[in-house]
Amino acid sequence: MTQQYAIDTLLAQAGNRSDERTGAVSAPIFLSTAYGHCGIGESTGFDYTRTKNPTRTVLEETIAKLENGDRGFAFSSGMAAIQVLMTLFTAPDEWIVSSDVYGGTYRLLDFSYKNNNSVKPVYVNTAFASEIEAAINPNTKAIFIETPSNPLMEECDVVEIAKLAKKHNLMLIVDNTFFNACAFSSVRFRCGCGNSQRN
0 MTQQYAIDTL LAQAGNRSDE RTGAVSAPIF LSTAYGHCGI GESTGFDYTR TKNPTRTVLE
60 ETIAKLENGD RGFAFSSGMA AIQVLMTLFT APDEWIVSSD VYGGTYRLLD FSYKNNNSVK
120 PVYVNTAFAS EIEAAINPNT KAIFIETPSN PLMEECDVVE IAKLAKKHNL MLIVDNTFFN
180 ACAFSSVRFR CGCGNSQRN
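Heads up: the sequence shown at position 24 corresponds to 23 in my numbering, and the numbers run straight through without jumps.
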């Protein structure tokens, strides 16, 4: 059984582990671009900082703990995270998307669909679960919601939407820009086939 800690404890202990090589009691900030290895076929687990970095690993592990998730991934921006999620899908896959989605997300989805034969966005008012369910078809693979939305700060019923996603075996993607793990964690609404959250 895994020990459950209060969020205050998790935040206070984030990165507090001793560095075996240096003895530092807190995780140091690694600025190195490349990493050396003891020999051919012997890796430290780090090769090039763009793909993996010890500092970023601490951040990702902390995010996963705060969200009570299995794994966390850090990206340079929220749009980069959405772009990576889009690569999991191919045409004719569709996403049901909040009609009041952030403008940058709208432009990315629209441009990618029109120019790259990518996932097709289907925009609905996600404040109403009935509108989401009415838009589901055999090509629907995910529901993408923002809560609260940007820019109008509209809310949707994540519990009901998670039930819909689970019922139809869809990935639920929650853009959680305005909340953090202390206020709201969508990971608890896992749908069985996949869950993603962006903070």
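Keep in mind that a hint or two might mislead.
Each computed DSSO-like pair below joins lysine-lysine, with the alpha-carbon atoms no more than 30 Å apart [claimed, not checked]:
1. 162 x 119
2. 113 x 64
3. 64 x 165
4. 64 x 162
No lab work stands behind these hints: they were computed from the structure.
**Message:** So, against the hints stated earlier in the document, which numbers end up violated here?
**Reply:** 2
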